[in-house]
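Undergrad: My request is simple: use the sequences and hints to build the entire structure.
Chains as they are written, first to last, in this note's numbering: chain H, 141 to 468; chain E, 1173 to 1534.
Hint data in this document are derived by calculation from the structure and do not stem from the laboratory.
All figures in this text were calculated on a predicted structure; none of them were measured in a lab.
Backbone N, C-alpha and C fix where the C-beta goes; we use that ideal spot for every residue, glycine too.
Be careful, since some hints might not be right.
Unchecked claim - Coverage of chain H stretches by chain E, computed from C-beta distances (three or more under 8 Å per stretch; other residues unrestricted):
1) 235-248
2) 285-295
3) 299-312
4) 416-428
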Amino acid sequence: MEVLKIFLTPDFWSSAIRLMTPLMLAALGGIICERAGILNMALEGQILMGAFFAYLGSYLTQNVWLGLVIAMIGSMSLAVIHAFMSINVKVNQVVVALGLNTLAIGITSTIFRFMFGTDSQMANCPGFKAIHIPGLSDIPFIGPVLFGQYPLTYIALLALFGISWFLFHTSRGLELRAAGENPQALDVAGVDVIRIRWLAVLVTGAFCGLAGACLTLNGLNTFYDNISSGRGYIAYAAIVFGKWNPMGTTLATLLFGAGDALQLRMQAMNFNIPYYFYLMMPYLITFLALVFFMGPSKGPAASNVPFVKDKARSSKRRPKQTSGIGGK
Amino acid sequence: MNKRVRSVLNSLISVVLALVLAFVVIGILLMWRGYDPAATFLALFKGAFVGKSNLSASLVLAIPLILGGLGIALSFRCGIFNIGGEGQLYLGAFAATWLGVNLQGLPFFLHIPICLLGSMLFGGMWALIPGWLKIKKGYNETITSVLLNYVGLYFVNYTLASFFKGEGTLNNQSPKIQESAMLSRLIPGTELSTSLYLTIAIVILFWFIFYKTDIGFKLRAVGANGEAARTSGVNTGKYLLIAIITSGALSGLAGSVQILGYQHLLVQNFSPNTGYDIISVALMGSLHPVGVALAGFLLGALRSGASVMQIMMGVPVTILYIIQGIVILSVLGFSYAKIDFIGLVSGLFSDSKRGMEKEAAK
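TA: Structure below.
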């Protein structure tokens, strides 16, 4: 089988990792927010904002790293609205996210047209270049796959270890998880739940900025309408898939990245199947894998539940919860 | 003032305030780029409402938004978040076009209903998958329905590039449907068809069933407080399934009315983002059928006005998405923050968890 040979080439795995990087960054960021008890379907809009502002920033400053900073500011500005609406106003977190995603499409495509006009002549911005880590990139197979990537991929790998360590080996990480599992108990322990949740949403926004920057600054160096095309939703699916665990989530994004890389390879092999079929594949594979291999997973207990500070412990809204931190 | 009137007024005020806010933001944006906001908004308004052709164009765009919006409103009110409208709409359009092309020699009074029912069946079935997975297996319906959006969309694109591609065309599009499957035009020279009557009938029917019948009562009970409904003997799973299938069927219908009404053949990406826009419509309409009808008309009118505005003033139509986003966020914010607006809107989004909390506190 010719198709099976694809899996043996380092080229395939290298592009799978390149394609999974934006998903991985967004999903890892999303875990922080989810673990703190804020359901974040607005990853999509934040990635789009990140992608656009990465392009705009890099174009205007002619410096790709400044572009990255501006991307993070852009996506965090959306995160600020998200945090305010879901933490302070306590609206439904799914619905507010859908509004934010619409807003992001509007902001990015409108400013893009205002700045660059509607003609198809697109101005390129400076982009990232792949970094070959000396020594390591010469290892056969693993070298080109893991050590010849764009800088953001290395950042994503660092984030994977950083976030795993933070969540499960620091007291701040414990507090963050408690904010998502049992905010009332955390509050009684004297920790400011509102503050933790705000910070978590903002950090997620920053990660989505990086994810968006992958789309525009890794080789494409330009922007088009709705460039995120559902990656935020896929990242969210990856979080659920990976059961809110950084490692599991990363593997889930690898699955999607491999599906995407596979469809690109198969298109090139000319099987005389319209390429829409291949475009469908990553979504279908993710869906089928989710349904047949993963089973439903349960998220943090207080996800999508606004935190209401219990003033005198006699608030009528408060369910009786006596278990400790992390208990249900 | 009685409570109902007050709550209706509250949601009207919040939508109007939201629109004002949106237009202020857009106005500032326009001034920054050196456009004249007043002239731009005038062009938008004229393009939306003034003249027979503009007004009917607004209605044409409003019809699918209203139909799909009703479905989303139903599913959201029952506490099952169907955001798979996009896929359901495309599959519905596909089914209607396929039946419209391939059934031959039928009289129109049979052919049209068959096409419409086919689209509802396909849309409903596509919604059944996330619904069933949610109710029987506990999968989060938002994720599965979003994934299925892309599967459905690319599947339809695939059919148009392969077995369902019309002959003698370079574009990826289907053959033309039979004459007998086309809805007749209401006003000659415009694209407005009898689907307008269908839409009005469905809005009324939806309102009647939802507020005046036993099924409607149970659907509302499941959405307001799932646990309480379950303990009082309602089969909540069954009603959630009814809600999401109906919602998918209406999304499918939102696709097929565009085909039978004026497009007459299926083109790739013929209705981009409609599946997400109907969610905006449902929310802007406070998840109430009459509100959805008004919100759908408003958004359709803005759509058709915006394209006139783009031609006359050179302002990109994409500002609509900014308006839409700001309106959703503000309506949502007003309804939860309860600043002067108490009533209708506030109860709608209460999910079962909050219901449980209330019960536990009793």
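Undergrad: So is the stretch 416-428 of chain H in contact with chain E by the C-beta rule, three or more residues under 8 Å, or is the coverage claim wrong?
TA: holds (count 8)
Undergrad: Given that the stretch 235-248 of chain H was listed as covered by chain E, double-check it with a C-beta distance under 8 Å for 3 or more residues.
TA: Coverage by chain E holds for the stretch 235-248 of chain H (12 residues, Cβ < 8 Å).
Undergrad: Closer than 8 Å, Cβ to Cβ, for at least three residues: run that test on the stretch 299-312 of chain H against chain E and report holds or violated.
TA: Violated: only 0 residues of the stretch 299-312 of chain H have a Cβ under 8 Å from chain E.
Undergrad: Closer than 8 Å Cβ to Cβ for three or more residues is the test here. Does the stretch 285-295 of chain H pass it with chain E?
TA: violated (count 0)
The structure fails to meet hints 2 and 3 from the earlier list, while all remaining hints are met.
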